[in-house]
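A.B. asks: If you're matching them up, the sequences are chains Z, C and V in order.
Positions 1 to 270 (this note's numbering) are the ones given, in order, by the first sequence.
Positions 271 to 526 (this note's numbering) are the ones given, in order, by the second sequence.
Positions 527 to 816 (this note's numbering) are the ones given, in order, by the third sequence.
I should point out that these hints are in silico values taken from the structure, not numbers from a laboratory.
It should be emphasised that the depicted structure is a prediction, and the values quoted were computed from it without experimental measurement.
Every residue, glycine too, gets a C-beta built ideally from N, C-alpha and C.
It is possible that some hints are incorrect.
Sample of chain V residues at the chain Z side, in silico, Cβ under 8 Å [what the hints assert, rightly or not]:
no.: 1; residue: Leu-564
no.: 2; residue: Val-608
no.: 3; residue: Glu-690
no.: 4; residue: Met-739
no.: 5; residue: Phe-756
Okay, here's what each chain looks like letter by letter:
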Amino acid sequence: MISSATHGQNRTWVRYTLGQKLLRFTIYLAIVIAVVQSIRHINIIPEFMYDAPAQMADLLNRMWPIDWAHYPQSVHAALMETIHIATLGTILSVILAFPVGLMAANNFTPNAFLNFIGRLILVSTRSVNSLVWALLFIAIFGPGALAGTLAIAFRSIGFVGKLVGEAIEQTHPGSIEALIAAGATKGSQLNYGYWPQIKPAFWSIVLLRWDINVRESAVLGLVGAGGIGMTLDTAMNLFEWQRVSVILVSIFVIVILAEILITQVRKRIL
Amino acid sequence: MGAELRIEKLFKSYKAGVPVLKGVDLTVSGDGVTAIIGPSGTGKSTLLRCINRLVEPTSGKVILRTANKDIDLASVRGSALRQARRMVGMVFQEYNLVERLTVMENLLTGRLGYMPAWKAWMRKFEQEDINRAFELLDAVGLSEHANQRADALSGGQRQRVGIARALMQQPELLLADEPTSSLDPKTSVEIMELMTELAHARGIPVIINMHDVELAKRFAKRIIGMSGGNIVFDGDGQSLSTSHLKQIYGGESWLQ
Amino acid sequence: MTNTLPQRMDVRPFSYSTGTKVGIVLVLLYVVYAAAQLDFTYSRFITGLDNASTFLSRMVPPNFTRSNILIKGMVESLEIAVLASVAGIALSLPIGLLGARNLMPGWASWPSRALVAVCRSLHPVIVAILFVKAVGFGALAGIMALVVASIGFIGKLFTEAVEEISIKQVEAVRATGASFANVILFAVLPQVFSRFVGFATYQFDSNLRNSTMVGIVGAGGIGGTLFSAFQRFDYDFVCAILITIIAVIMLGEILANFVRAVFVDNISPGEILRHKRISRISQGHEGADT
């Protein structure tokens, strides 16, 4: 097995071919150009940047000590409202997203045009930020929790729909084939073929989105869509920084509690 | 050309008061294969890993005597440890290749002990190293696979890469921890042949852990039997009798 | 032995278990309760729908006449996204690596994980507001807010990825006498690099989305333009802005796919010309804003 040596012959080894190197270089170059151009063009006053640490320290100073007394009167009710917005919004979004997700899945819906429409809807709802959805719904329904819930719901359609669509595309074709061969309708295929397979992924997606929605709902109030965001906005406008800190802490706690809840539920159900 | 290894009173306890290695003394020198056999859990793997300090010995010395100096592997630290490790090549049971890298890159990792990090990052390997890598690839019969990802290879092929990588270090001692346990019988023999031939050509001693006694008898010049953390047999394949095997492994029915 | 055949099925096949039935009832009860808490009445909804039709009619056709403000705002958002992503990605690599408990000692991993947890916990908008209050209105606050968001996202996922690597590969490279840096370069990074690129490109898209929105609270970018348009009831301009935002984000996703294809799949120009299908790494990122 010991071969004859190739004496004095220098064989070369390259990690990437020339073409690959060119592509990588192009991307690096593009990034550098983008960064340099951005730095030159962007409107940042250097004094503000150097002043930043001192300003941050000053802000943090004003936010201490935390005004716990403020909590029961306004914060708690707003916090509960936030959770309701998040939960109702998630439930609504699941109802709306499911059919769209089915439409986007290329194994459930073989029609390419419908696929495209489904994907388009999903991408658009994702691209519009929940705050922007909130502004839209406030313009329609007026400020308050209704706008907030609808904003959460519509924003989540893209997320839930996309992941459900992907879950459906990744199901085992075998069991579906068997159902089709037995003459099952589309609805039955869904009920007995797809649903059992995607169930764990589905719950995981819903739980995950609820978690994210709790975070999102907390800020919607900043534009007037209900929940603790409104309390936060008021406190900030009145420069009551110590109340701001108690609100921030409560948001933080709620988010942590939501994550703990989700981890527990996942352990049991999934 | 190869080094001499002298292990003196090596103790290792993973848990206080429960020693796995109970004062092992062993000297290996000259080229040729030394096989260590023994039941699972008796400390074979620990012994090997104490040699290149992948496992910290609790006490004792591991002296590697090379042409210019003696190094106590058990007590060196920092860059001295790394320099010492360069001289000891290791082949693993589960190949332990970096799966996402290509075969060539895996071979070149054998030179990492000799290169500063910035050069390694830029993949600026010496031409000498690249030549050597290609030679080794030819020697283990994997020239066409040079740019394939390691996880695209079969078990036997991966182990060949593992052997080539160890030899890239130009070691003075080669260790192998159950190199054939994950391979089928035919491939196992091929791998053993490859390792022993290549080591013999370079004049370096090989220490192999194995649990296949027949393979050990076939390829090893010297067989060490371990049981309960001590060496209980030290001789050649001829003198390894069934009573010795009973002492090492216990039980009788497997000896039929 | 008598052969006892069941005379009839005691359980209807395919019926829902009691647990599921109870669950469905609970959910419905909750919906009713919560809706009441939030003061959702049918009449409000109907009035709203009326407004909706007026609203939609005012949005269409979209008004692109004020394109210079639109472009200025969009460019600023892009700049915020680029700078925040580059800085955030560059910082997350070492921070994430430091947080890996299988490689790093406790005094390195705990502070790193704590930092990442804090960065994740607050919504980017809230962080943006705080930065606005601290460093003033404008893009700086936006960039800082998104850097924090990037560290929180990439840092956590990257640490998890490093903790999942096969330690055997690391052991083997260590055995060759490689230095710590070399071990990281050759045994750790190759195992997690493709996932890192996935996270980084994903975060760029996320920053692009968020950069269009931090302006609403004064942190620069097109969000400010959007907000004022809403307040002035210029709904047709709003529509134009939204269309532009969606278009830019879609473009960003295509770009991100391309970068993934080059760095992870190691695509070559020939393959691109032959329209080789650009693979998409699964984007099921935990805790993310897809």
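A.B. asks: None of the hints should be skipped; say for each whether it holds.
C.D. replies: Hints, verified against the model:
With 8 Å as the threshold, the beta carbon of Leu-564 (chain V) comes within range of chain Z, its nearest partner Cβ sitting at about 4 Å, so the hint holds. Satisfaction of the interface hint for Val-608 (chain V) is found here, the shortest Cβ-Cβ separation to chain Z being roughly 5 Å, below the 8 Å cut-off. The beta carbon of Glu-690 (chain V) comes no nearer than 18 Å to any beta carbon in chain Z, farther than 8 Å, and the hint placing it at the interface is violated. A cut of 8 Å between beta carbons decides the hint on Met-739 (chain V): the least distance to chain Z is about 4 Å, and the hint holds.
The criterion of a C-beta within 8 Å of any C-beta in chain Z is met by Phe-756 (chain V), whose closest approach is roughly 5 Å, and the hint holds.
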